[in-house]
Amino acid sequence: MAQEKVKASDRLVAIGGSAGSLEVLLCLLPALGQINFAILIVVHRKVSNDPILRDLLASRTKLTVKEIEEKEVPVPGTIYLVPGDYHVLLEQDKSFTLDYSEKVNYSRPSIDVVFESAANVYADKLVCILLSGANADGTEGLRHVKLHGGSTIAQLPSASDVPYMPEQAILGKVVDRIMNIEEIIDFVKNF
Amino acid sequence: MEISINDEQLKALLSDVLDIYGYDFSDYSHASIVRRVNRLISLDKFPSFAEFHFRLRTDAQYLERFVEEITVNVTEMFRDPSFYTALRETVIPEIASKPFIRIWHAGCATGEEVYSMAIMLHEAGLLHKSLLYATDINPSVVEQTRRGIFSLAHMREYSENYIASGGKHDFSSYYSAKYDRVIFNDMLREKIICSTHNLVSDRSFNEFQLILCRNVLIYFDKYLQDRVLKLFDASLERLGFMALGSKETMKFSDVHPSYHQLGKEKIWRKKK
Chain A
4 MAQEKVKASD
14 RLVAIGGSAG
24 SLEVLLCLLP
34 ALGQINFAIL
44 IVVHRKVSND
54 PILRDLLASR
64 TKLTVKEIEE
74 KEVPVPGTIY
84 LVPGDYHVLL
94 EQDKSFTLDY
104 SEKVNYSRPS
114 IDVVFESAAN
124 VYADKLVCIL
134 LSGANADGTE
144 GLRHVKLHGG
154 STIAQLPSAS
164 DVPYMPEQAI
174 LGKVVDRIMN
184 IEEIIDFVKN
194 F
Chain B
5 MEISINDEQL
15 KALLSDVLDI
25 YGYDFSDYSH
35 ASIVRRVNRL
45 ISLDKFPSFA
55 EFHFRLRTDA
65 QYLERFVEEI
75 TVNVTEMFRD
85 PSFYTALRET
95 VIPEIASKPF
105 IRIWHAGCAT
115 GEEVYSMAIM
125 LHEAGLLHKS
135 LLYATDINPS
145 VVEQTRRGIF
155 SLAHMREYSE
165 NYIASGGKHD
175 FSSYYSAKYD
185 RVIFNDMLRE
195 KIICSTHNLV
205 SDRSFNEFQL
215 ILCRNVLIYF
225 DKYLQDRVLK
235 LFDASLERLG
245 FMALGSKETM
255 KFSDVHPSYH
265 QLGKEKIWRK
275 KK
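Protein chains in written order, with our numbering: chain A, 4 to 194; chain B, 5 to 276.
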């Protein structure tokens with residue numbers, strides 16, 4: 004089969020968010036210059052096949068922003084968006100597998116599923132950031148990330164639009180660092 | 005502590021499933037199958053991988069459950085309404101003139117898409133001369149498809165999808181409800197032929213004007229995806245149509261040059 008060999012990014016920043024997280028992404032993206040790692044964004048959203056979120060995020064950065072395509076390998080300097088209504092898993096060769104199985108935490112995509120799978124593959128070359136949201140999704144994923152040596156960050160609940168989601172992770176004792184938006188931006192820029 | 009199997013354990017497990025039962029999962033996406041196996045071990049409360057492995061090797065009944073849980077059977081009626089609009093407006097008129105219409109739903113899961121298609125054929129006045137072949141690797145979902153019984157709780161959403169796809173009738177006229185279940189009308193069910201079929205090991209069994217296989221290829225590796233697309237190609241008439249899931253593509257397959265895509269939906273037409 005015809006396909007070029009691309010070298011997968013050896014480091015990954017995965018960001019999970021729900022209600023109130025879009026604003027954080029819209030602050031973060033313009034602040035990023037060139038990056039030599041890949042970013043994976045998973046947000047809860049209703050509609051599948053909806054390019055609006057991608058277009059909105061792409062308008063705020065010079066980096067490439069794209070919805071994940073099946074079996075694609077994440078390359079440095081690109082921001083990948085998990086498509087609506089699918090889970091995303093990572094294979095050992097780092098390529099993405101889409102999955103249409105049962106919802107997890109009433110969500111598809113589920114942040115737990117993405118974080119867990121990324122941890123299995125990226126281990127200590129992974130940082131996962133959990134943003135604002137009204138759901139407990141993400142906490143189990145972060146636990147798995149820590150177990151595999153990755154770093155975990157939660158948005159400061161008092162600075163989050165909807166504090167519940169980062170709060171759950173903090174209460175679950177799975178968070179290495181708690182940060183406000185400016186600190187998150189600094190951290191990602193210097194990752 | 006949750007059990008999480010490693011690569012060697014997975015290999016041993018899949019090799020036994022192939023040797024003992026003849027099911028070959030070795031070209032399935034590893035990430036997905038590992039997750040499903042971990043989930044099953046946890047659902048069925050096995051204390052260790054070894055005990056799970058032993059049960060699977062020694063209990064043929066448990067193999068059925070394994071196949072059912074390892075494969076994903078999530079589906080909906082009229083999922084992605086714009087896809088169904090394209091079938092209704094572009095594909096169905098093209099196959100309407102055939103004396104006899106044969107459609108294959110490969111990997112049909114519990115059959116929601118097959119019934120959606122039967123409804124559209126009925127509305128186009130074509131159901132009487134159509135046969136819908138619904139196949140899946142998993143015998144229990146094939147049986148569910150045959151029965152045509154679904155949960156009443158989903159019907160409101162399905163009805164909305166149906167309307168969004170261009171449906172103009174009363175969706176509830178296609179089924180009768182009893183307690184929390186509905187059964188679809190005989191008129192639809194008698195045009196659906198249900199059978200197990202394994203895309204990995206079974207061959208082509210007929211020629212079709214339309215093959216639908218949505219959200220199945222995502223669980224296969226590139227090699228198996230290509231093989232299955234060749235199987236579909238061999239089972240499709242000239243100028244026939246092939247429909248895949250919204251995130252799937254034929255683009256990287258060897259058969260791609262003999263097809264062109266219709267608009268932005270994941271529907272391809274075989275060139276002459």
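Hints in this document: simulated from the structure, not taken from any laboratory. Don't take every hint at face value.
[To be verified] Just a sample of chain B residues kept apart from chain A, beta carbon distances all over 12 angstroms, derived: (1) 26; (2) 66; (3) 131; (4) 146; (5) 175; (6) 208; (7) 242; (8) 250.
[Claimed, not checked] Straight-line distance between alpha carbons at most 27 angstroms, and here's what the computed DSS-like set of lysine-lysine pairs gives: (9) A:49 / B:172; (10) B:270 / A:69; (11) B:255 / A:10.
Each residue gets a CB set at the ideal place from its N, CA and C atoms; glycine is no exception.
Against the structure, the hints come out as follows:
no. : hint         : result
1   : 26           : holds (24 angstroms)
2   : 66           : holds (20 angstroms)
3   : 131          : holds (28 angstroms)
4   : 146          : holds (19 angstroms)
5   : 175          : holds (21 angstroms)
6   : 208          : holds (21 angstroms)
7   : 242          : holds (24 angstroms)
8   : 250          : violated (6 angstroms)
9   : A:49 / B:172 : holds (25 angstroms)
10  : B:270 / A:69 : holds (18 angstroms)
11  : B:255 / A:10 : holds (21 angstroms)
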